[in-house]
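Novice: Given next are the chains, with one letter for each unit.
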Amino acid sequence: MEKVNIFDQVGKNKRNSVLLSFLVFVILFALIYFISEVFLPEVAFFMLIFALVFIVIDVYVSYNYGDKIVLKSVNAKPADERKHRYLIDTVEGLAIAAGIPKPNVYVMESNDINAFACGKDPKHASICVTTGLLENLKRDEIEGVIGHEMSHIRNYDVRFGTLVAVLVGLAAIVSYMFLRTIRFSNIRSENERKGGAIILIMFIIAILLAIIAPIVTRLVQAAISRRREFLADASGAELTRYPDGLANALEKIKKINEGKMNVSEAVSHLFISDPNRSPLDNLFATHPDIDSRIRILRAM
Amino acid sequence: MIWWMWVIPLVIIVIIALIVVYYINRIVILSNRIDNAWSQIDVQLKKRADLVPNLVETVKGYAKHEKTVFSEVTKARENMLKAGSPQEKIKAGTALAASLRSVFAIAENYPQLKASDNFKLLQEQLEGIESKIAYARQFYNDSVLTFNNTITTIPGAWFAAMFGRNKTRDYLSVEEKERKAVKVEF
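So the sequence lines, in the order shown, correspond to chains Y and W. Numbering-wise (the numbering used here), the first sequence opens with residue 1 and increments by one. Numbering-wise (the numbering used here), the second sequence opens with residue 1001 and increments by one.
It should be emphasised that the hints constitute simulated quantities derived from the structure, not laboratory data. Nothing here was measured: the structure is a model prediction, and the numbers come from that model. This list has only true hints and no planted wrong ones.
Label-pair restraints from in silico Cβ distances:
{"id": "1", "chain 1": "W", "residue 1": "1118", "chain 2": "Y", "residue 2": "241", "range": "28 to 36 Å"}
{"id": "2", "chain 1": "W", "residue 1": "1161", "chain 2": "Y", "residue 2": "241", "range": "29 to 37 Å"}
{"id": "3", "chain 1": "Y", "residue 1": "45", "chain 2": "W", "residue 2": "1155", "range": "56 to 64 Å"}
{"id": "4", "chain 1": "W", "residue 1": "1155", "chain 2": "Y", "residue 2": "44", "range": "54 to 62 Å"}
{"id": "5", "chain 1": "Y", "residue 1": "80", "chain 2": "W", "residue 2": "1154", "range": "46 to 54 Å"}
{"id": "6", "chain 1": "W", "residue 1": "1061", "chain 2": "Y", "residue 2": "80", "range": "21 to 29 Å"}
{"id": "7", "chain 1": "W", "residue 1": "1035", "chain 2": "Y", "residue 2": "63", "range": "31 to 39 Å"}
Every residue gets a Cβ at the ideal spot worked out from N, C-alpha and C, and that includes glycine.
Produce the complete structure using the sequences and hints provided.
Specialist: This is the structure:
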């Protein structure tokens, strides 16, 4: 394994975030231009301006409100001051240990043991855990998991991860919307035969997009280095000074989790353990093998 | 004609200047981080001291006769608030933690007290503060380590000496007893 330190990781995440935003910008722009040029040449110029405005807003919103969108999409609720006292104290304590501001704390309903962090930087970050985690893990195990998430925040993994979820995930939503518009445009076409041909072509493109978008999401998720999970495990253990806490938590995750959480595929890479196990995992796994993570932690 | 004869020295001077600025800034930032780490500890120590009167009132309601314990813990709190230097504060904080433990020890004899919601909440809060103090000390010591490493290794040591910031900072000792007290299982 290549040696990485936190400063390298922070720089890399910032660069990757810019690169990803730029790529999404170029691809979406090209796509909208191409489609409008082919099918609606008379309004192509207008479409270009529309595309520009739309994409700028999209990137801006994803960057600044991505965390809110992700939290909303998994139906996370702010942690209760009284009921989740220990959780909040642990997050606050580990934030002090990591030397970053205290992130917001959220809880989501699920029987699986899982957790994720999101946000654009350590000043605007959130940590969310499942109710299953609170029920099944002992305190030092919760501490281990929070330490792992805290490292993701400190390393700026959250910035890139949240952007991937919202920017790339949006491609899937856009392609679905595109599919819907085609059915709508059917009514307006004047020339039945010509219109029919155009609709057929657009339909094929829409289907292609609908298929490609989730695959692209997957590829980007798989390309997000698995090393960052190992790095977060290691620096999380450095914060809690107790690697066995996280190792025990991972063992329980392996035993208890069913991997059928009700969350979008677009956000799955944010979680500490894969929330949706799927047959695709053999090809492009979004998470590193849990056994090797436990082994490395035990050896610390 | 021979322009490079003055360009090359100029470039070298600029590079050296940049390196000096980088290291000086780094040393200042790392030193500030230690001060910030101390203020984190200070905040938590103060929060703990603030909880003491509340705790004493709650316990008094159930265990009136344990006067010595109450006066001890109140005195420890006063010492804590009077303490000035970081070393003094740490010492007073350790003493306060010890007297708080004796308060929780007597609670063992009063089942009604132990069962009361207010007491449970206070216990939980104090425990949270204890662990935050432990983490804050850890961050403090981590910051001291980074600072000391920077000003004692080459090339940082040269620049530190040049600008008179080559004095290493002291670690806070973490007492084993105190750390164990944090891990109370319910």
